[in-house]
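K.L.:
Letter by letter, the chains look like this.
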Amino acid sequence: TQLLEQSPQFLSIQEGENLTVYCNSSSVFSSLQWYRQEPGEGPVLLVTVVTGGEVKKLKRLTFQFGDARKDSSLHITAAQPGDTGLYLCAGPSFNAGNNRKLIWGLGTSLAVNP
Amino acid sequence: NAGVTQTPKFQVLKTGQSMTLQCAQDMNHNSMYWYRQDPGMGLRLIYYSASEGTTDKGEVPNGYNVSRLNKREFSLRLESAAPSQTSVYFCASSVRELVKDEKLFFGSGTQLSVL
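These protein sequence lines are chains G and C, in that order.
Using our numbering, read the first sequence as starting at 3 and increasing by one per residue.
Using our numbering, read the second sequence as starting at 15 and increasing by one per residue.
Hints were generated in silico from the structure; no laboratory data involved.
Be aware that a few hints might be false.
[Stated by the list, open to error] In silico BS3-like links for lysine-lysine, alpha-carbon gap of 30 Å or less:
#1 C:Lys117 <-> G:Lys103
#2 C:Lys71 <-> C:Lys117
#3 G:Lys72 <-> G:Lys59
#4 G:Lys72 <-> C:Lys117
Predicted model, so just to flag it, every value in this text is computed and none were measured.
Chain G with its partners taken away, still in its complex shape (with noise of 0.2 Å):
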């Protein structure tokens, strides 16, 4: 069974500050998919990395793949508070009749206080 593990689950840090979040797996995954969903809303697509080892920034954030995809991070320079919300992150799983339906972490919940 593929799971996603993610950490911490919750953060409140005051504006200014770094951070790093991180999703974690047993099982190796061809991609995943970082998500963040404000209060009242839908989760909103951040950024897919699909290399191991890769690296993609967004402004302040910067998200890494595993080598082994196995496991990816989301640091955040300079928080603010705009940055507050529930942080997703998402793999596809391959089951035996080739469906292919995306894992979902629990999520990490930041809190950036002004």
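Please arrange chain C on chain G, whose structure you already have, making use of the hints.
P.N.:
Quick look at chain C alone, frame taken from chain G:
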């Protein structure tokens, strides 16, 4: 650009009542999905439709039915609501069935309470 539109935004039901959650997308996507999101359980797939005319069960289909009315619309029906179905429901769509880097677009959700 509307994207994925869900209605209603909030709903309160009594046990045993029925209701239909509506979802429509205007991006000409082939695949559509219904998820529920619960604290400590994350996002769980209820049903999905890989393309117009097809539907398939996800992880937690019991107590639900779906209809892919046309390419744009995908509805979720609770025939006899139970308190265990209290949740936030999300509809999502993608260009095609999920492959390596396919992107999901979500609606803003329906918060459902069953008393």
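K.L.:
Next, verify each hint and record whether it holds.
P.N.:
Structure-based check of all given hints:
{"no.": "1", "hint": "C:Lys117 <-> G:Lys103", "result": "12 Å, holds"}
{"no.": "2", "hint": "C:Lys71 <-> C:Lys117", "result": "20 Å, holds"}
{"no.": "3", "hint": "G:Lys72 <-> G:Lys59", "result": "20 Å, holds"}
{"no.": "4", "hint": "G:Lys72 <-> C:Lys117", "result": "20 Å, holds"}
In this structure, every one of the numbered hints holds.
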